[in-house]
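**Q** Given chain F, work out where chain E should sit, using these hints.
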Amino acid sequence: MILLTGGTGFLGVHIAAYLLEQGEKVILLARSKQGFSAADRVGRLLDWLGVGPEARKSVRVAEGRVDQIGLGLETAALSSIGPAIDEIVHCASSTSFAERKRAEVEAVNLRGLEHVLDLAERNGCRCFHLISTAYVAGLNPGYCPEEIVHPAAFTNVYEETKCRAEWLAAERCARAQIRLSIYRPSIVYGHSETGRSLLFNALYYPVRTTLFLKNLYETDIRERGGRRAAEMGVRVEADGWTFMPIRIRVQEGAGINIVPVDFFVRAFGAIREGADGGVFHIVNSRLTKIEDTIEYTKALFRIRGITACPEQEMEGKPRNALEAVFETYLEAYGHYMRDRRIFGTERSGPILAGKGLRCPGLTYSIFKRCLDYAVDCDWGRKLF
Amino acid sequence: MVKADDAVLKTAAQCRHYAMCKIEYLGTGLCPPGKRYHYVSYYPQGRMDLYAALSENLIPVTEGLVHIAETCTLCGVCDLQCHFVTGLRPLKVMEALNNYVADYLKDGGKPVSIAPDESLRRLQNIVGPEWASNDPAVLVTYANDPFPLADRRMPRYVVLPGTREEVASVVRLANELGLPYAVRGNGGSVFGFVFSEGIVLDMQRMRTIAIDKDNWSAAVGPGVTSFELQEEAFRQGFRVNTAEPAATVCGNIVCTGTFSTWSYAYGTAADGFIDMEFVNSRGEIFRLNDKQAPNVFAFENAVIPAPGICTEATVKLQPTTADEDGVLVPFWDFDEAVALARELGRRRIGLAVAVLGVHYIANFMSPSKLLADRLKDVLPETLGIRYVVFAIGDRFARKSIHELAGAVIDSSLWRTLTLGLPRLLDQDWQDLVKGFEGGRPPYETLCRPEMRPLIEAALCPSPETLAGAVEEDLRELYAGLYSQPRFTDMTWLNMFRIVSSRMSRRKHMFAFLVYVPLDRNDVINHINTEFGRIAEAQGLDHDFGFLTPMDLGKRAILEYDYYIDHTDPAERAKIGRAMVEIGPWLDGLAERTKGVTFLKYVFSQGCSRKENFLYR
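Chains as they are written, first to last, in this note's numbering: chain F, -13 to 370; chain E, 6 to 621.
This is chain E alone, in the form it adopts within the complex:
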């Protein structure tokens, strides 16, 4: 059992499983053993879980664990990657895990050898000996996630198939052996769904991307992440409507359909793909474009299983123009922000639109939790900003938004505010800005073009200024990152969504998503108020997340977030009690109100036509 260093263990336990350590999103490299061996166990995320599991005496030191530890060279790539979005420093956990295994061996400990059983041998015959395992050091990293209402469930086997035929064979074998199975696109799990006592299929090895420019499409394997596909599409001058960067494209479509701020223009669910390939529960391969394929485009307002294991998605590529850029329109009043978002939808202005709350804005901008917390107070109190309408558009769209909205934060001001953020929070500067406020909110003054030289002088925006907000040993690295224009480019950031995981830096985020009628502010406000009330009653942190108009401003998707310390049993109990109230309330609301659909019921029906759940 690990004689755990409390601080190290705390870091290990705080891993959110967002898998950002599994994509090369900062351009600073990727964990070499993870890249080579693909199992989650070899990535920093898995190593964090392993350290926590050892401290709980859940697993012995196995041959697999020794290999996992020995392949980590403590290169440090994970430290910046993880810190950028979570504020955690996993390198010390990697060191502690390595030290533990090294000490165990030095003290004469013998690693436990886990003998393969007949089922494993048959699985290995299908996928190759390296890609199926029953070693507890592998299994345990597929056994839990931060979802507070799911208990740990150890699988018997973890399998990493390399082709659709292998997937089909594994399914047939599982049926034959009577083993249940669950599928993980990128090996990770966040919402407590993809556990199995039988087999976990991790699709990480199936990472093909084939761009077909003439057909405006990309065929992607089930292990391809949003970030990777977007990167390839971007390189070739296209854009794809993708989800969180570490989420797999196929998994995301099957699960809920892809929704993002780009869903404003590109839609969601069946709007995003041209065709998809599945292996069904009998181990047969089919494509949605087959005439005999099951009708996955229909929607049923119920929790139903997925049509099968997606082995390929052919998704749409979208055109881009060179003059795309972002703007933020600040608001104090939520209804006014919603009205603008709706108006943009009606007038078909822009490509990506969302109403965001201050928690989002503060965390998008801030490289540290401390700074984000302070900014979250300063935005409303000093600047009069409680919401922004965020939009990406070409120059014509931005001009229209300016005309409709008046005061806007354009990309240049956004860059200035981001790179000068620590100074934006200086008390002297805040006092000065507060004094601008008469009847009109101070942000209007801040947005005036003639104020720009003063703002530049006061904030001294630079990568170094911003990097001053993080720990000293990371400053040079942060300055290097923020010297790259893309790190303050609203369009790039919104396409690749690399800062969205910062939402959970404070605590694990428990997101509630609801499709809503955008012309019903009363309904939207009721939903926000009720989520807030229930959270308050349970003593849970909570915040409005975002609202993205869809289908020409007729509908929208709304996210409201609860924040919990997933390692705290009391918090888990609170969210459990909250859920008891939320389910029936939202079901009743959806029954009474056209346009309201709880995303819970879209789970596994992400291939359906959006019209079937937006206009029930």
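For reference, chain F alone in the conformation it holds in the complex:
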């Protein structure tokens, strides 16, 4: 029996579906939220993923939360679940970068992990799978090895707590003789074949922002005389395309390391089967350049005027309000968007290659598929 935490999260539910397809018996730990019970939430997500009735017979939902001692489970539930667990896949995580939410992030990413490890130790669990992130590397430039690291500094509280979580898991699993596998994906986006996704941040956010601005100024032109659009130099051209003068800072040779969720899940499965514990990067060997996503966005949404601009050319020049939006985003996420680091794959590489797994690059067709899905589901508001 496998206990999977974070059962309603983006990665958690995909891993759950994968494990069920493999014939595993899974207990999903999930919270109730917004009037939906944990079971309802899991049920809706499994429907969304198309998990069939047969596979669902092997899933059991436990309503609880990792940030509480005993995972917030009733004593009876805890004692019935505990002894049956052979393996734990710990996906539950707070992904907030906000320093102001440090207490909440630490509660989930550190104390939550401790509570799950308590359960693992108490019940003689054999294997512990920790879903971490490639960005535990912090502010370290250059090569990032597949091993426990101790960076001098981090970009944000998320990176910091995920790294500390690895230290904690390594120490406690070693002491309890539990086999520990740490999975470090880079940025995970939607399914490369269906475009399906639960989360629309990271890769999606700048595109969504572009569309927001496009709609905003088109509405201004259509309904309010277009004064504000004219102030920003935005216009709708004769062929229906929208011109938006936005320069986005880029750096030569830098880009974003992204992997589609289907690749991530297959990689997780391959490593789980093929490795005897350790640290594993699940990353893309090819960085996606911001310039490419700009061109994809323009083509897909019929926009002109957005240009990738080398950093030195923008140095000291004033930004318009539209550019300021993207600058702000890059201030917060530039570390990931203009990445040059190399994430080592000495451990994961051979395993994935052995299974014939290779991460696809972000082509226009994948981009289109993912963004069409995002727009169709109104950025997650109409998923179900």
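The set of hints was computed from the structure by calculation and includes no laboratory data. Just so you know, these numbers come straight off a predicted model, no measurement behind them. Take the hints with a grain of salt, since some may be wrong.
Claimed, not checked - Here are some chain F residues pointing at chain E (derived, C-beta under 7 Å):
| id | residue |
| --- | --- |
| 1 | Thr81 |
| 2 | Phe83 |
| 3 | Phe198 |
| 4 | Ala307 |
| 5 | Thr314 |
| 6 | Ala318 |
As the list claims (entries may be wrong) - Among the chain E residues that face chain F by a calculated CB cut under 8 Å, a handful are:
| id | residue |
| --- | --- |
| 7 | Asp436 |
| 8 | Phe441 |
| 9 | Arg453 |
| 10 | Pro458 |
What the hints assert, rightly or not - In silico DSSO-like cross-links for lysine-lysine, where the CA-CA straight-line distance does not exceed 27 Å:
| id | chain 1 | residue 1 | chain 2 | residue 2 |
| --- | --- | --- | --- | --- |
| 11 | F | Lys19 | E | Lys374 |
| 12 | E | Lys404 | F | Lys19 |
| 13 | F | Lys341 | F | Lys284 |
| 14 | E | Lys404 | F | Lys303 |
| 15 | F | Lys87 | F | Lys200 |
| 16 | F | Lys200 | E | Lys439 |
| 17 | E | Lys439 | F | Lys275 |
| 18 | E | Lys439 | F | Lys354 |
| 19 | F | Lys87 | E | Lys439 |
| 20 | F | Lys275 | F | Lys303 |
| 21 | F | Lys368 | E | Lys439 |
| 22 | F | Lys284 | E | Lys439 |
| 23 | F | Lys341 | F | Lys11 |
| 24 | F | Lys368 | F | Lys19 |
| 25 | E | Lys381 | F | Lys87 |
| 26 | F | Lys303 | F | Lys200 |
| 27 | F | Lys368 | E | Lys381 |
| 28 | F | Lys19 | E | Lys381 |
Every residue gets a Cβ at the ideal spot worked out from N, C-alpha and C, and that includes glycine.
**A** Just chain E now, with coordinates in the frame of chain F:
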């Protein structure tokens, strides 16, 4: 007995008695019969109480009630006035009351005539026949208030004196007749104190304001409200440190001393006035500046009676400059907000300063409860704002605040956010703003000057945009109000405090005020935590209110608020249990901690020197 329409009765029962229907604060007129007859019963507030009283069979249809009903022309002035601060629509209650009386008479009912007794005749001899009454339709509107721990107490007489001599004569007569009395500045009561089984004196007719520019002072009668005095002072280029707009100036000084965000610069209690005139319990007139006057400047940490009935206060006028304006400095962390407020105090920057919580900000900005509730979530969740330091200052002060604080919401952005509020809450816009957040809170991005054109484009700020958030039939009126610059002018709003009653739109507010040492964050946090804990234990809604630095940032006044449905007996029981815990805890804390004084003990000692209760 009224066959009450539940919805109408619910509105009537929800009247908070804040008396905003008794001041012309929107510039849209004042209830004509209230203005003419002065008794609370003739104002919408009294009519709400009358309808509720009829439904409980507390009073018969009297001649007084018939007159009250017949003088209401259903002009509708009260509907916008009340809605602006409470969200209630009293016009339907006015209609229901009129209909009830009309139906009663149509069905051949005879109004009860209440014969005057000897005491009433003597009271009428003093104040004139029109200004003393024993009609139950008048009495019942002076018999209760929303304070949950006070029971209804019907007075025998309500008297509206017109001069200090009349006040003195009424007091002497009350003594002679052995009748207790209570005094109401504006006829209203909120905290359950001003009830009497004998006489209630309503000072509403004593409304003189005499500005003495050369002496920087204004002599005001006890029926003058804060709003009215501020309006007159403002017209002549001055400012007064006043309290809630419908509260009377004299009543407020005597009760607790005037504290407001302006107390940051102007002080409180004895700082606010030059002289005051009283009628003492023997019916003698004295002024504080008399050498023989009682020493009201001293303070005793106990509940003691007021020095008498204030019949005039000569209050200080303060200078203003043309470049005064407001700023808000957003914060996630309370201690950081307090640190800035303290720093401003130490450096003597600005004229009015307060740390405000999100409940205040959300309600100040929002013309409807629904919008306020949503904004209250959005401010912390989306924008990362849990507190703001609010400040008014001239251009030099604002520049300094900007330098000290970094990200600020200036008056132009405030206006944009207020007038574009419904769109600020749009999910698409929120999602966009959330994405700004990396390590730093999103409000910092929002405050960047280069973002202004985008914010303007996204929010489409206009009186019409904001008015879209209220009921359709009120939209034009709201758009008209918000097209006036003063309705989004932080300085004007803070001087006249017309939106402060919005705090209670959700439920009746039960405010706890404590003077605190501003350099003791541990004490301040303990007080907030403990108020929160006690409220949680009783299942009461609660929120931090505000904190205003005083005396160069050495001390502050802190407000923590509980919110209760005052019509619900279960809520009343909860607040009763909470009070049992709060009293001894705060008394103990004050005993152990220099600088802590519960405002309860300043009641009736509002004329004292602030130093006597701030530095005990």
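**Q** All hints, please: hold or fail.
**A** Against the structure, the hints:
no.	hint	verdict
1	Thr81	12 Å, violated
2	Phe83	5 Å, holds
3	Phe198	5 Å, holds
4	Ala307	4 Å, holds
5	Thr314	5 Å, holds
6	Ala318	2 Å, holds
7	Asp436	7 Å, holds
8	Phe441	5 Å, holds
9	Arg453	7 Å, holds
10	Pro458	4 Å, holds
11	F:Lys19 with E:Lys374	25 Å, holds
12	E:Lys404 with F:Lys19	45 Å, violated
13	F:Lys341 with F:Lys284	36 Å, violated
14	E:Lys404 with F:Lys303	25 Å, holds
15	F:Lys87 with F:Lys200	32 Å, violated
16	F:Lys200 with E:Lys439	19 Å, holds
17	E:Lys439 with F:Lys275	24 Å, holds
18	E:Lys439 with F:Lys354	24 Å, holds
19	F:Lys87 with E:Lys439	13 Å, holds
20	F:Lys275 with F:Lys303	23 Å, holds
21	F:Lys368 with E:Lys439	19 Å, holds
22	F:Lys284 with E:Lys439	24 Å, holds
23	F:Lys341 with F:Lys11	23 Å, holds
24	F:Lys368 with F:Lys19	17 Å, holds
25	E:Lys381 with F:Lys87	18 Å, holds
26	F:Lys303 with F:Lys200	24 Å, holds
27	F:Lys368 with E:Lys381	25 Å, holds
28	F:Lys19 with E:Lys381	20 Å, holds
Hint violations for this structure: numbers 1, 12, 13, 15, all remaining hints satisfied.
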